[in-house]
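Engineer: Kindly generate the complete structure, drawing on both the sequences and the hints.
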Amino acid sequence: MAFAPPARHLLRARDLADSRYFEPLGVDELARAAGLSRAHFSREFRRAFGESPHAYLITRRMERAAALLRNTDRPVADVCLSVGLHSIGSFTTSFTRTYGMSPTAYRVRFPPAAQHALVPACVFSVFGRPQHRTFREDSGASPT
Amino acid sequence: MIKIANAQLWVNDQEEALEFYTQKLGMEVRVDATLPEMGDFRWLTVGPAGQPDVAIVLMAIPGPPVMDADTAEEVRNLMAKGFAGTVFLTTEDCQASYEELRARGVEFVEPPEERPYGIDSGFRDPSGNHLRLTQVRDLAAL
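Chains as they are written, first to last, in my numbering: chain A, 1 to 144; chain B, 1 to 142.
No lab work stands behind these hints: they were computed from the structure. Just so you know, not all the hints are guaranteed correct.
Result set (EDC-like, lysine to aspartate or glutamate): computed pairs, CA atoms no more than 20 Å apart in a straight line [as the list claims (entries may be wrong)]:
(1) B:Lys81 <-> A:Glu51
(2) B:Lys81 <-> A:Glu29
(3) B:Lys81 <-> B:Asp70
(4) B:Lys24 <-> B:Glu107
(5) B:Lys81 <-> A:Glu44
Under 7 Å between C-beta atoms, here's a sample of chain B residues computed to sit facing chain A [to be verified]:
(6) Gln8
(7) Asp68
(8) Ala80
(9) Lys81
(10) Gly85
(11) Val109
(12) Gly122
(13) Gly128
These numbers come from a predicted model, not from an experiment. We put the CB at the ideal spot given by N, CA and C, even for glycine.
Structural biologist: Laid out in structure tokens, this is it:
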């Protein structure tokens, strides 16, 4: 096995967030995937990707939720569960903080765009992930 | 007519990449030439069997004087972070190809999913390069 730069292990953890966001996944699991202690992992992840693993995971979940709102007619509670979150209240709060409007308002405002239908999904997934916005209510969720 | 012949990917280790692209992805070696007169530079290309006119160059990150150590480190890091490039592959049966590649040890980041343009999935090579594997829908039928 060739020598891999340390960032390769961090990418494995980020891939895990991208592929298993719908599970009750947290920073601990991501750190394990990278083979690092939680504190060291969070530091190294931030150094490599410019944001904390917690922020990455929550924005991945928000991006996925937004896509489900745009592309399906599933109820908001369903969308919340489908992105690995279990409290509708905190989902709505996080979503509103991220996109500046409630999930319901977002769905009405952004109906599926047929002209975008042929753009590869990975492009939406990468370029559609929102900026993380922190307010006090995140502090309970150990944002490291 | 201008056509695509080769496109180049950086790889962390040519042997590791060769094994991945041939034994796991099932591509064939097109050229594997080591040139002593160029400091043992190795030109290594692979391509899908059945598509003889297109190949991927699996390029080792060079040292000085071609590339200074800092730049090489930056490229190595970009690749390890997954930002060095993406190859879009197509298949006639995404689910079958997915099962086949997974059985050979390819770790998928995204299993096959229905998309407006077809069935799409994604994985990485050992260096961190992103590969898509898509069963493209017949656009004429849309």
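Engineer: What are the numbers of the hints the structure violates, in ascending order?
Structural biologist: 6, 7 and 10
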